[in-house]
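We have chain A already, so just place chain B on it with the hints.
First to last, the protein sequences are chains A and B.
All letters in the first sequence, in the order written, are residues 1 to 396 by the UniProt record's numbering.
All letters in the second sequence, in the order written, are residues 1 to 396 by the UniProt record's numbering.
Take these hints with a grain of salt, some might be off.
Unchecked claim - Selected chain B positions facing chain A (in silico; Cβ < 8 Å):
| # | residue |
| --- | --- |
| 1 | Leu10 |
| 2 | Tyr93 |
| 3 | Phe118 |
| 4 | Asp124 |
| 5 | Arg169 |
| 6 | Glu199 |
| 7 | Glu202 |
| 8 | Lys249 |
What the hints contain is simulated information worked out from the structure, not anything from laboratory work.
Fair warning: this is a prediction, and the values are worked out from it, not measured in the lab.
From the three backbone atoms N, C-alpha and C, an ideal C-beta is built for every residue, glycine too.
Spelled out, the chains give:
Number of protein chains: 2
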Amino acid sequence: MNVEADLTPLRSALEDAEADGYLIDDDASDADHRYVSGFTAPDPYQTLVTHDGVHLLVSGLEYGRANAQASVDSVSRRAAYDYQELIGEYGSYEGTVRTIAAFLADHDIDSAAVPKTFPTGTADGLREQGISVTVETEGIVTEIRSRKTDWEREQIRATQRANEGAMARAEELIASAEIDEDGTLVYDGDPLTSERVKEAIEVTLLRHGCGLDDTIVACGADGADPHDRGSGPLRANELIVIDIFPRDKETGYFGDMTRTFARGDPGAEARRRYDVTHDAYEAALEAVEAGVTGATVHDVACDVIEDAGYETLRSDPSTNTGFIHSTGHGVGLDIHEEPSVSPAGGELESGHVISIEPGIYDPAVGGVRIEDLIVVTEDGYENLTDYPIALEPSSE
Amino acid sequence: MNVEADLTPLRSALEDAEADGYLIDDDASDADHRYVSGFTAPDPYQTLVTHDGVHLLVSGLEYGRANAQASVDSVSRRAAYDYQELIGEYGSYEGTVRTIAAFLADHDIDSAAVPKTFPTGTADGLREQGISVTVETEGIVTEIRSRKTDWEREQIRATQRANEGAMARAEELIASAEIDEDGTLVYDGDPLTSERVKEAIEVTLLRHGCGLDDTIVACGADGADPHDRGSGPLRANELIVIDIFPRDKETGYFGDMTRTFARGDPGAEARRRYDVTHDAYEAALEAVEAGVTGATVHDVACDVIEDAGYETLRSDPSTNTGFIHSTGHGVGLDIHEEPSVSPAGGELESGHVISIEPGIYDPAVGGVRIEDLIVVTEDGYENLTDYPIALEPSSE
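Next up, chain A with everything else stripped away, as it sits in the complex (with noise of 0.2 Å):
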């Protein structure tokens, strides 16, 4: 699937490192074997890059169509390295390793490079096989992705189309709702709780193939903390912070978008934090280009906060109230990727799509979120995201 990946920092690594490959052995949830097999199947695998060749490592059952779907250089099943006749002589485990170590021999493969989270049972099996395995520390394949091709943003822009279907659904719930004595949102006659929300937004997504395992949903003291899904009725008058962050179950790409609304009057304290983070999250945007660092982008939205007069993790680190996490991070086959937009974060570069999200909380006035997909560019950045910024629901 990708087909335009750019491999060529991890083979110049691998040149350093005096190995003759990098071999990834695991499901395709972790992101980084995904992206380099451009592959899934919900059972291990193995993907060898060698320096003039991408090569797979299937069972029966996957061969087919990893040969049809995998934009890779050669596919090979099990079989050909006498699988069950390994596992029938060495057992499961040692089967496997030898499997392996069979398709390593047939790519003249004496020294691996492997990721931190290659598996130890396979790493301490190939060395008693007498292959060398040493582990890359650095993260390069987390690296290359975080700079994405052409068709990522693609994936990333329409993941973040349905994002915004879901966000315009949830707001409409919130816009039209009733209003009842004791200040309740009501909808059709019941209660509208943080879970009907979900659910609306859950089912939108779903209808636009994409999936997610949460979803936030946060009103009042809820939203003051940013782990916190939210739960029960949500109320007129206070803050209603709602995060999504789907996947697209095709492609893995996923999107990320916050907004804060409120109903009726959440008083000027609160709409005063919500102009404060609007400018946090502007000027943030603003001094986001390719050369500049992840951590200055993220001084800049905590100047605007503290200016304003409210604490930062950089004004007090241990505060519970203010600005009390990071600008943002990288999006892409993992909902946290590289880079970070922290104090941490380092060079921004063209290609990277980060997050954008400012806030400011606490429990006594509730939470304000408002964050953009973005993808930085040469000269500044494009928002992957189109959606209105307004503290006031609206329902069109």
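What follows is chain B alone, placed relative to chain A:
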């Protein structure tokens, strides 16, 4: 969550291996880790099983939740072992390894057994810190969790209840569809496609708190390939295989069920295959009890199917038609886990939760599969599935 889990076999293995403890370094997508820690987190955390306790090492972000939710003897946060300082001095990789080494030292661990999937980066790093790391290759934790506690059976049964609701919705759509002149099923004016039925299944599961990555609604020749998820319009007079394997989002336990339906008349041969499959299903169920091997149960299903004149992988290992998979598999925190009800299947034990799912396939006729989820008992089994078995769909 698994307060009843009995880790005695693991501790015996530790003694045999002269290891001080068993260390897992993974996120909670690893079912063994989720089981032992009774905890889930999106990022890697560490669980240490010692001779007298279970101990977690988590980030500060997860510390409060781990203390509240994990049923372990202690929870430590990385900061207690100077994580930030070590990262600052040694970088992210070695700093993390040194933090884990300090956690191990705190629990007097000089030698650790680890699962096959343990990250080589951590294993080699700990070895450099002087800790002996050996791989436990038998999969003892996987074996332990194949015997479900009462609590786990309840969780699986609950997921299977949601599954029954989803199957009922799918059956209802097929039963109440119109049949247009070319035999296509039509619902609400549009062709009733595999995709529409899958969406209805997923929405129903979502409303029951379950998710799923995949579901099978496969008509005609599609249904003859057990790995084909199905696509396009469903047709009358053809077999339609529906296989649903949802996972409860909260507990992580799977359900699994398959039914085969046909509107109109799929023909005498298809009806005969349905009856033979049903007979094989009943015979296999009849054979299940503690002490019988999975291989024996599989043989019983093969006997029925071969006696009726169809091939199995037992009668012809290279066949592409007939009964071309195993009779069943364990189900729990993984959708496919121990034990196996196949030629390789060992002794069934009380508390094993397994699927029984014989089938007969041929592209010229279509596919039939009937699957229930059961728990093995001392003198038979208890069926965790409560859903009628009938070829003709009913909308009641």
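These are the hints, each one checked on the structure:
1. Leu10: Check failed: Cβ of leucine 10(B) comes no nearer than 16 Å to chain A, outside 8 Å.
2. Tyr93: 4 Å, holds
3. Phe118: Constraint on phenylalanine 118(B) satisfied, holds at 4 Å.
4. Asp124: Holds. Min distance 6 Å.
5. Arg169: It is violated, given that the least Cβ distance between arginine 169(B) and chain A is near 14 Å, above 8 Å.
6. Glu199: 6 Å, holds
7. Glu202: Nearest chain A Cβ about 5 Å off; hint holds.
8. Lys249: 7 Å, holds
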